[in-house]
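Here the protein sequences line up with chains A and B, keeping their order. Its first residue numbered 1, the first sequence is counted upward by one per residue in the working numbering. Its first residue numbered 1, the second sequence is counted upward by one per residue in the working numbering.
Quick caveat, the hints were computed from the structure, so don't treat them as lab data. A portion of the hints provided could be inaccurate.
Listed below are the simulated EDC-like cross-link pairs for lysine to aspartate or glutamate, each with C-alpha atoms no more than 16 Å apart in a straight line [what the hints assert, rightly or not]:
1) A:K65 with B:E231
2) B:K63 with B:D50
3) B:K65 with A:E231
Protein chains: 2
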Amino acid sequence: LPGIRVERVVEVTPVLKVAVLGAGYMGSAVTFPLSARGVQVNLWGTWLDDGIVEACGRGAHPKLKVPLPGGVALFRSGELEGALDGVDAVFVAVTSEGFCAVFGMALAAMKRNLPILTLTKGFTRFGGRVSRISGAAELIFRERFPSERLLWASIGGPVKAVELARAMPTSTVYGTLSSEVRDLAGTFATGCYRVFTSTDVTGVELSSAFKNVYAIALGICDGMYGTRFPELYHNLRAFVFTQAVKEMAIIAEKAGGRSETVNGLPGTGDLHVTASSGRNRRFGELIGAGRTGKEAYEHMAAEGETAEGYGALEHGADFARDLEIPVERELPLLSMLNGAVFGALPLEGEMGKFLENCGA
Amino acid sequence: LPGIRVERVVEVTPVLKVAVLGAGYMGSAVTFPLSARGVQVNLWGTWLDDGIVEACGRGAHPKLKVPLPGGVALFRSGELEGALDGVDAVFVAVTSEGFCAVFGMALAAMKRNLPILTLTKGFTRFGGRVSRISGAAELIFRERFPSERLLWASIGGPVKAVELARAMPTSTVYGTLSSEVRDLAGTFATGCYRVFTSTDVTGVELSSAFKNVYAIALGICDGMYGTRFPELYHNLRAFVFTQAVKEMAIIAEKAGGRSETVNGLPGTGDLHVTASSGRNRRFGELIGAGRTGKEAYEHMAAEGETAEGYGALEHGADFARDLEIPVERELPLLSMLNGAVFGALPLEGEMGKFLENCGA
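Turn these sequences into a full structure, and let the hints guide you.
The following block contains the structure:
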């Protein structure tokens with residue numbers, strides 16, 4: 001195994017059983033450290049994942065390109081109830097668009113209140129306004145278990161799924177206010193899956209959502225400069241990266257989170273990974289090379305890939321405005337992104353305006 | 001010109017004249033925005049730079065690979081007095097090893113107290129202990145101008161010299177407590193040389209010094225994993241990057257600086273550039289691929305390149321200990337670097353120990 005293992009063997013008794021909802025990149029990848037820790041995993045695929053689940057039964061996971069760990073039990077979209085039978089906790093790893101529907105179905109199928117560990121990143125539209133995933137979850141939960149407390153973790157940090165699935169050294173942060181969930185998170189740690197916990201759920205969740213948005217900006221730099229001036233825009237890229245972290249901290253603090261979370265693994269760390277490689281960076285690159293936001297989105301959809309940052313950008317700007325942050329003045333990079341992805345101004349104009357507005 | 005220009009034309013009257021001491025990468029690069037702003041520049045090369053100065057007289061700068069701006073006046077090592085004649089401010093851009101000697105010579109040749117803007121990054125050994133560049137400068141200055149105040153800026157931020165010399169968009173931070181120096185810094189700004197100022201001189205200076213140290217750690221990741229597992233260690237790289245920023249913030253705060261400076265352009269931003277490309281990253285890469293610190297340093301020296309981080313690492317650890325920071329416990333990445341560069345433990349052991357100690 002390629003990762004540097006510093007695992008301390010701690011017996012997990014009694015044997016835990018968890019359901020992972022969503023068989024895309026991240027849901028499937030998290031089954032690796034879980035299985036390594038002896039956790040029994042039920043992996044359930046949504047109605048969009050039936051092809052993936054089928055392929056996993058025959059061989060390698062079609063996105064991760066490696067077979068899932070031997071003990072993972074596979075469940076197709078029609079088998080949610082079976083996947084949730086007798087489990088101790090539920091990971092949710094569907095897209096932000098699918099979150100509310102899947103979470104509602106899962107709650108209906110759950111016989112008791114279970115810890116919910118969510119890998120879903122972004123925003124959702126719920127009850128007519130843009131909401132954090134955790135906010136929508138809270139409302140949906142109350143309908144089902146009106147007198148109980150949601151046991152919740154928002155999971156963040158710099159985790160590329162393909163690397164986690166190959167046991168490369170990885171760090172993650174579980175944001176939770178529940179000591180039960182915190183202890184649970186600790187039992188998932190392996191030598192190459194370093195688990196940190198934070199009580200700043202807001203900071204972890206907003207970092208995870210906005211890093212997808214801001215990674216687009218780094219991709220735009222790559223698209224604008226990468227071909228014409230290779231190796232000659234590190235200064236710009238570093239400026240944009242730093243500005244992104246700064247703006248994420250402004251947003252998180254305004255929402256009640258902590259800037260130190262943004263400056264740590266969930267913000268700086270996850271943006272670093274996302275901006276180096278991945279779908280949101282790629283989406284930005286297509287825009288930087290001349291496509292409109294819509295064209296770039298459709299181009300990737302045709303390849304079977306989704307840039308979460310596209311929806312997160314639209315919702316994220318609304319979210320920032322709902323917090324009464326003057327977006328144009330305090331979040332010039334987010335403004336630039338809005339203009340570049342949805343606007344009519346030529347990209348050079350948006351980038352120039354951004355550079356002029358920054359800290360002026 | 002490739003950079004996005006958002007320059008606002010502001011007349012600089014009367015015409016300023018500055019001396020730049022040191023004709024290496026950074027000293028030579030800063031002559032570009034200065035010349036663009038109509039500042040008259042005297043570029044002086046140290047005794048190590050005579051070859052560079054000569055080459056610049058004939059054509060391209062041998063390191064930057066482009067000719068210097070037309071108006072730049074060149075001075076050889078024996079002509080320091082001429083270079084300082086009639087100037088309004090002095091940039092110092094020599095290595096940390098050369099700083100004390102050059103600064104002392106310059107002060108002796110200066111007829112009056114001039115603003116000193118330093119691009120030198122790192123530490124120096126002065127009066128028997130490890131000192132920040134600004135600390136040594138203060139002591140040397142007092143000998144020459146006992147009743148005056150040192151007008152000082154420590155310059156930081158994500159600036160690769162070759163990009164600055166090509167007018168690619170660049171941001172920089174002048175750390176100064178002097179309003180005179182702050183105003184001066186503002187007059188150097190162009191559309192592609194964005195100048196920010198900060199009163200946190202300590203934060204800017206320590207970020208600039210330590211990013212060279214921590215960039216070695218990112219290089220070590222590249223050397224250890226880049227060949228065997230290309231594109232499969234983004235998670236580790238992001239973890240190491242974030243840990244580096246965290247440790248720089250601990251050091252800066254303990255020294256009286258501000259973590260927000262470290263989380264901004266001088267720390268996060270400059271580390272981003274330095275860890276993507278450059279000599280300190282390269283130095284780390286050689287170590288990651290199996291060389292000892294000494295071998296890596298000599299290998300680069302044979303190519304005519306110096307990794308500032310090598311000396312800065314040795315001094316930096318002493319500096320942290322002088323601040324009474326428990327290095328092993330609070331700065332596990334710095335400890336790992338010390339072991340990897342100067343120690344006897346195999347690299348895998350150092351990296352494994354680091355991953356285990358981090359946040360445990």
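Against the structure, the hints:
no., hint, verdict
1, A:K65 with B:E231, "holds (14 Å)"
2, B:K63 with B:D50, "holds (13 Å)"
3, B:K65 with A:E231, "holds (14 Å)"
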